[in-house]
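Enquirer: Protein sequences appear in the order of chains A, B, C, D and E.
1 is the number of the first residue of the first sequence in full-length UniProt numbering; add one for each residue after it.
1 is the number of the first residue of the second sequence in full-length UniProt numbering; add one for each residue after it.
1 is the number of the first residue of the third sequence in full-length UniProt numbering; add one for each residue after it.
1 is the number of the first residue of the fourth sequence in full-length UniProt numbering; add one for each residue after it.
1 is the number of the first residue of the fifth sequence in full-length UniProt numbering; add one for each residue after it.
Worth flagging that the hints you see were computed from the coordinates, not collected in a lab.
All C-beta atoms, glycine included, are put in the ideal place defined by N, C-alpha and C.
Do not take every clue at face value.
[Stated by the list, open to error] Calculated cross-link-like contacts (lysine to any residue; reagent style SDA-like; alpha-carbon spacing at most 25 Å):
hint : chain 1 : residue 1 : chain 2 : residue 2
1    : A       : Lys9      : B       : Ala48
2    : E       : Lys9      : D       : Ala44
3    : B       : Lys9      : A       : Lys9
4    : E       : Lys9      : D       : Thr29
[Stated by the list, open to error] Listed next, the stretches of chain D that the computed footprint assigns to chain A, with coverage defined by at least 3 CB atoms under 8 Å from CB atoms of chain A:
hint : segment
5    : 23-35
6    : 39-49
7    : 70-77
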Amino acid sequence: MIRATVTGKIWSSRRIETMPTGGYLEVETETGTRLIAFDPLGCAPGEAVLITQGSVAAAYFTDRTAAIDALIIGSIDDETPNKSGKGRKS
Amino acid sequence: MIRATVTGKIWSSRRIETMPTGGYLEVETETGTRLIAFDPLGCAPGEAVLITQGSVAAAYFTDRTAAIDALIIGSIDDETPNKSGKGRKS
Amino acid sequence: MIRATVTGKIWSSRRIETMPTGGYLEVETETGTRLIAFDPLGCAPGEAVLITQGSVAAAYFTDRTAAIDALIIGSIDDETPNKSGKGRKS
Amino acid sequence: MIRATVTGKIWSSRRIETMPTGGYLEVETETGTRLIAFDPLGCAPGEAVLITQGSVAAAYFTDRTAAIDALIIGSIDDETPNKSGKGRKS
Amino acid sequence: MIRATVTGKIWSSRRIETMPTGGYLEVETETGTRLIAFDPLGCAPGEAVLITQGSVAAAYFTDRTAAIDALIIGSIDDETPNKSGKGRKS
């Protein structure tokens, strides 16, 4: 999995039917890579999240074959230090 | 998923039988990476699209085992700001 | 999928039994990355081809569980402009 | 698989239900890439570990469909030289 | 698939049960990337090998769900020129 920060939300009115309804958040990894992940948790901009990728992301959806390859699976608790070694809980 | 812009279309007259008929669009990501994705939506050059990759792309096709590893799953609505932070809807 | 150019052929006399017999071509992508793909079409050096990767490549083989993760699925027609924007059909 | 070194642990109190309980360790590869892997072995910071990625990581869990795409599958024995060629067992 | 050269062997005494017994070789690709692959062929250091990655590597094992994401599927014959264009058979 990868650690990333939520940077925004995207909307897609014109899309394939099997796309699950819900939040599609744009996230940025520590190396600056950006990707878009389905958000089952309702995360907010700036939140540190844990992302899983590939077919395991699609397997989360039990009611359909979802064309999803990135999924937010958790919000990272504050006391987990990031690269700079500082725990983000002041 | 990744955000990309449609840059063109490719044709492949000589191909394996299980390749679905339809549009094969060339797209460019924000980092300049180019890939080719199957387009079930009829997108146009310059359009911002959402791409899913890997076996989840192939799973979209229920009538065959499609050798497809990249699929356009949606067109990104204009008011979604891209990296420059500007919403593209003036 | 990715666009690549055929640069050569590889031979592997000592290999696992489930490897399908046929052509294993070395290809180079536009960014210079090289990989080896199974070729069901009989492509030639210099030919522009369309490659699919991952488990969807293996799924092409219906008679075995093939340990193949890259497959040539089509030859790209000449009038498809490459990065330089020139259509290769003079 | 890839070789990596354990650099820390992450906690995620707010997460999807199907996430297995257990250790989620942050690891760094030889090229400095960081990722987070599920740890079934109880590894310690500084330990050299072997990581598998993708759907094969999720397949380790037989009691659920786990949204896990990286798994520690072994601790690398000391006498295995790393890139610098030195065996780490003095 | 990718072309790589065997650079060494790794040992992992403390590991998950479903890891197949056999050789785990460290290999280096032409771009210097290093990874570890299961070796069903008994390859030697310096040997040029063909590697398949992802779930197709795990599918090679029919007796278990193997947490393997990289597999040596063949030894590349000498007369296959590498990037420098020289056939390695003098």
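Enquirer: Does each hint fit the structure? Answer for all of them.
Expert: Right, here's what the structure says about each hint:
1. Distance hint between Lys9 (chain A) and Ala48 (chain B) is fulfilled; the C-alpha atoms sit about 14 Å from each other, no more than 25 Å.
2. Distance check on the hinted pair: Lys9 (chain E) and Ala44 (chain D) sit about 23 Å apart at the alpha-carbon level, within 25 Å; holds.
3. Pair hint Lys9 (chain B) plus Lys9 (chain A) does not hold up; C-alpha atoms about 28 Å apart against a cutoff of 25 Å.
4. Between Lys9 (chain E) and Thr29 (chain D) the CA atoms are separated by roughly 17 Å; this keeps the pair inside 25 Å, and the hint holds.
5. Counting residues of the segment 23-35 of chain D whose beta carbon lies closer than 8 Å to any beta carbon of chain A gives 5, which reaches the threshold of three, so the coverage claim holds.
6. Chain A is given as covering the segment 39-49 of chain D, and this is violated because 0 residues of the stretch bring a CB closer than 8 Å to a CB of that chain, at least three being needed.
7. For the segment 70-77 of chain D, the stated coverage by chain A is violated: 1 residues have a C-beta nearer than 8 Å to a C-beta of that chain, whereas at least 3 were required.
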